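Visitor: So you can see what is in the structure, the chains are spelled out below.
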Amino acid sequence: MVNVRRRRRIGRYVLLIAVGLIFAWPFLFLVATALKPATQDVFSFPPSLVPRPPVLTWLRDAWTEIPFPRYLLNSLLYVLGGVPLFVLVSAMTAYPLARMRFRGRTVMFFVVLSTMFVPTELMLIPRFLVVNQIGLTNSYAGVVLPGVLSAFGVFLLRQAFAGVPHELAEAARLDGCGEWRLFWNVMLPVVRPSLAIAAIFGFIFVWNDFIWPLVVLSSDAKFPIALGVAYLSGISGTDARTLSAGTVISLIPVVVFFVVLQRHVLEGAKGAVKG
Amino acid sequence: MSSPPRTLAPYLFLLPGIALFGVFFAWPAVLAVETAFTDYSIVNPTHWIGMANFAALWHDAEFRGAILHSFVVMVGLLPFSVVIPIALAILVNNALRGIQFFRALYFLPVVTSMVAVAVAWNYVFDDRGVLNWLLERLHVTAGPVHFLLDQHWALASVIVVEGWKGAGTYMMIFLAGLQSIPDDLHEAAQLDGAGGWQRFTAITLPLLRPYVAVAVTIEIVNAMQVFTSVYVLTQGGPGGHTETAGYYIWSKAFQHFQLGYASAAGIVVWVILVVLAIVNYRVTSRGGAQPW
Chain A
1 MVNVRRRRRI
11 GRYVLLIAVG
21 LIFAWPFLFL
31 VATALKPATQ
41 DVFSFPPSLV
51 PRPPVLTWLR
61 DAWTEIPFPR
71 YLLNSLLYVL
81 GGVPLFVLVS
91 AMTAYPLARM
101 RFRGRTVMFF
111 VVLSTMFVPT
121 ELMLIPRFLV
131 VNQIGLTNSY
141 AGVVLPGVLS
151 AFGVFLLRQA
161 FAGVPHELAE
171 AARLDGCGEW
181 RLFWNVMLPV
191 VRPSLAIAAI
201 FGFIFVWNDF
211 IWPLVVLSSD
221 AKFPIALGVA
231 YLSGISGTDA
241 RTLSAGTVIS
251 LIPVVVFFVV
261 LQRHVLEGAK
271 GAVKG
Chain B
1 MSSPPRTLAP
11 YLFLLPGIAL
21 FGVFFAWPAV
31 LAVETAFTDY
41 SIVNPTHWIG
51 MANFAALWHD
61 AEFRGAILHS
71 FVVMVGLLPF
81 SVVIPIALAI
91 LVNNALRGIQ
101 FFRALYFLPV
111 VTSMVAVAVA
121 WNYVFDDRGV
131 LNWLLERLHV
141 TAGPVHFLLD
151 QHWALASVIV
161 VEGWKGAGTY
171 MMIFLAGLQS
181 IPDDLHEAAQ
191 LDGAGGWQRF
201 TAITLPLLRP
211 YVAVAVTIEI
221 VNAMQVFTSV
231 YVLTQGGPGG
241 HTETAGYYIW
251 SKAFQHFQLG
261 YASAAGIVVW
271 VILVVLAIVN
281 YRVTSRGGAQ
291 PW
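Residue numbers (the numbering used here), protein chains in the order written: chain A, 1 to 275; chain B, 1 to 292.
Pulled out of the complex, with its shape left as it was, chain A reads as follows:
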């Protein structure tokens, strides 16, 4: 009996690892290629995952071939500007939807919901025209602002606010707390875990966003890192190893972030459905 159970558990792990390899293998080859010395072929039959010996040359090359520090800094600026705005606007929109009765509430709910059914790709041209008219093309604000309002963030936080006990708000009101102070000093701290989840997803969206910056930016001085990597891959003659190295560098921040906060990310991915 014990043996059967144990064998089943080992079987489970074998399956988990096999499936894990399917999700990991492209990344494994990416990292291996970035570290392979010039004397070792990038491709070989059978494929080799072991750089002999590992070298850092390509990472250095990628770093200098395109203005990598500049692109990383840009991505950081987009994150620092976009994510707090995204969290704040999501919270401010979600709060009345979750906790207040007012005329037009249903309308507002559908307004937010509708943003989910207007895919970015289809809004590309008209949004570009608008941003062009208000003079925000090729600007940091032009990159960040269109993504600030999202149904995902609003519904995530609406769910969180709805779960705050009514007694808490009542007590604060009795103490003469105004609506804004109630929101800022009582409600926001209570839903902090959900704010963190929103911020994490905001970070991932902003860091990986590709098509909108591609359209709105005309100067590569403002490129985020994702565009930088695409640019690197487009330079003819870029060595496969250099390209891999550049890609690896672009992945480090988001992967580190994800590994550290994975529990919250996965909770968020689950929680978003239950709005």
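Do not take every clue at face value.
To be verified - Anything over 12 Å on all C-beta distances counts as not near chain A; from chain B, calculated:
1. L8
2. T35
3. I49
4. L78
5. A87
6. A116
7. H152
8. P182
9. L205
Stated by the list, open to error - Rough simulated footprint, nothing fancy, chain A against chain B, three-plus residues with beta-carbon under 8 Å:
10. 63–76
11. 143–150
12. 168–179
13. 249–262
These are computed hints drawn from the structure, not numbers from a lab. On a predicted model such as this, the values are computed, not experimentally measured, just so you know. Backbone N, C-alpha and C define an ideal beta-carbon position, used for all residues, glycine too.
Chain A is fixed; fit chain B onto it per the hints.
Guide: Just chain B now, with coordinates in the frame of chain A:
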């Protein structure tokens, strides 16, 4: 119910959201409709041309091809959004030591950028890449398959990359679904002598139904806008065989600068999308509330 209290507070809270909606959703939507009836092209003066763009789209074989490819993507991605993720969710729905690591690993492609993913997959798809090596070792193929350059394989390759990248999202949706099913349901069925497969079809699947509805809705919206993977893997090639609706619209607007024409195409695609979403909602929500 009494009428809502008259206070300004909720509207003040909503102000930033409403403003952003106005500037980046409502205004562009109006502009999109307006531009669709013109020959707006940045370079030449703009004229009102009525339905001409839509008429031209009707006869545009390239556009029809792009719509067809998007439908192929939508159908091709379904297994990656429902069947495979349900299997994955069942696989990771336990308390084994280290299970969190595997969940995170399966979710990893979701948090990485499509650009990076495409670079990584190039090593899989290359003539001398892992996949060709495997296929030759298993004697499935004699020579290398040019996955991204062969018109029979290119779109399938794009679908595989998109499906692989997105599977983790759907897995988490179904994991939430599985964890919402009370344990005693399974225990009671087990006591009644129901086997694993029986319990899966009689309990798990019906209770997952609203989650399937959510997953399919998200999948439809995502599939209709597949762009970045095409941009970085194939640029629509070979010979337009991977040109999706999203890529077509982008290339007409920002490579050929036919913004009026591209806007019209965008509206057609959007109408198709809304119709599909409604049909999907009707079909999947019968007999069960949507979890959102």
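Visitor: Hints first: check each against the structure and report whether it holds.
Guide: Results of checking the hints against the structure:
no., hint, result
1, L8, "violated (9 Å)"
2, T35, "violated (7 Å)"
3, I49, "holds (17 Å)"
4, L78, "holds (18 Å)"
5, A87, "violated (9 Å)"
6, A116, "violated (5 Å)"
7, H152, "holds (22 Å)"
8, P182, "holds (16 Å)"
9, L205, "holds (17 Å)"
10, 63–76, "violated (count 0)"
11, 143–150, "violated (count 0)"
12, 168–179, "holds (count 8)"
13, 249–262, "holds (count 6)"
The structure fails hints 1, 2, 5, 6, 10, 11 (numbered hints given earlier, in ascending order).
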